[in-house]
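If you read the sequences in order, they're chains A and B. Just add 65 to wherever you are in the first sequence, counting from 1, and you've got the numbering used here. Just add 221 to wherever you are in the second sequence, counting from 1, and you've got the numbering used here.
Bear in mind the hints are in silico, worked out from the structure with no lab data behind them. Please note that a few of the clues may not be correct.
Subject to a maximum C-alpha distance of 16 Å in a straight line, what follows is the list of computed EDC-like cross-link-like pairs (lysine to aspartate or glutamate) [as the list claims (entries may be wrong)]: (1) B:K224 / A:D94; (2) A:K175 / B:D259; (3) B:K291 / B:E251; (4) B:K239 / B:E283; (5) B:K224 / B:D259; (6) B:K224 / B:D328; (7) A:K135 / A:D94; (8) B:K224 / B:E283; (9) A:K68 / B:D280.
Just some of the chain A residues that point at chain B, by a computed CB distance under 7 Å [claimed, not checked]: (10) F77; (11) K81; (12) F112; (13) G170; (14) G174; (15) G176; (16) I180.
Glycine included, C-beta positions come from ideal geometry on N, C-alpha and C.
Read off the chains here:
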Amino acid sequence: AQKITQTQPGMFVQEKEAVTLDCTYDTSDPSYGLFWYKQPSSGEMIFLIYQGSYDQQNATEGRYSLNFQKARKSANLVISASQLGDSAMYFCAMREAGTGGGADGLTFGKGTHLIIQP
Amino acid sequence: DVKVTQSSRYLVKRTGEKVFLECVQDMDHENMFWYRQDPGLGLRLIYFSYDVKMKEKGDIPEGYSVSREKKERFSLILESASTNQTSMYLCASSRTMSGNQPQHFGDGTRLSIL
């Protein structure tokens, strides 16, 4: 079973609209972290936002916010007032605390290709 | 700002060659990682290291090895390159064991094996 599922392979959104990118995850570890990354066509992976499993509030970072619903195991990324420069691949990723702590790698979803239209 | 530098953006090699991909980070991070990225598959972890001379296998280590002789440098080695190793390779680093530390990525190396 996939640990991270991103059900939207691609999305087209009008500029200035809000965007929600879906992410569901699967883990039995009570301690985990969820990350969102942006990858423009140039290839670099840019860290956007983090949500810890024990965090009481949804994470926010500028125009990015995370709609964290722990019982449903979902961690959707919300981008407010989208801009042309938001066009990119977006990846949801998870780190489980387990026995490896922070040294273990991230498990990534397959990504969502977001295209912002003028 | 954290800087993770990969030695090449584009690389073309021949089948059977020994290939070295180099990665250097400048923030004294404990952990370093190598991923490969393929269309439709996302990123998959090849190897990681949590200290000098330490290495751990990730999800897809077959056909690869790594070297970490210095804290700032983590090398990925393709012992005998094959065409199915044509991919985008991404190096990342993170601070020590705290779970909320993000991984910082380099710009990637697009490797083609002919």
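Hints versus structure:
Taking the CA atoms of B:K224 and A:D94, the gap is near 31 Å; set against the 16 Å cutoff, the hint is violated. Our distance criterion of 16 Å between C-alpha atoms is met by A:K175 and B:D259, whose separation comes to about 9 Å. Between B:K291 and B:E251, the direct Cα distance comes to roughly 11 Å. Compliance with the 16 Å bound is thereby established for this hinted pair. The suggested pairing of B:K239 with B:E283 holds, with an alpha-carbon distance near 15 Å, which does not exceed 16 Å.
Distance hint between B:K224 and B:D259 is unfulfilled; the C-alpha atoms sit about 24 Å from each other, more than 16 Å. Taking the CA atoms of B:K224 and B:D328, the gap is about 10 Å. The hint holds against a cut of 16 Å. Restraint check for A:K135 and A:D94: satisfied, since their Cα atoms lie roughly 12 Å apart, inside the 16 Å limit. Taken as a hint, the B:K224 and B:E283 pair is broken in the structure, with Cα atoms around 28 Å apart against an allowance of 16 Å.
Straight-line distance between C-alpha atoms of A:K68 and B:D280 comes to about 13 Å, which keeps the hinted pair within the 16 Å bound. A least Cβ separation of about 19 Å between A:F77 and chain B goes past the 7 Å threshold, and the interface hint is therefore violated. At a threshold of 7 Å, the smallest CB-CB gap from A:K81 to chain B is about 28 Å, leaving the interface hint violated. At its closest, the beta carbon of A:F112 sits 4 Å from a beta carbon of chain B; the interface hint therefore holds under the 7 Å criterion.
Using the Cβ-Cβ criterion of 7 Å, the hint placing A:G170 at the interface with chain B is satisfied: the shortest such distance is roughly 4 Å. A least Cβ separation of about 6 Å between A:G174 and chain B falls short of the 7 Å threshold, and the interface hint therefore holds. Taken as an interface hint, A:G176 checks out: its beta carbon lies about 6 Å from the nearest beta carbon of chain B, inside 7 Å. For A:I180, the interface hint is violated, since its Cβ never comes within 7 Å of a Cβ in chain B; the closest pair sits about 16 Å apart.
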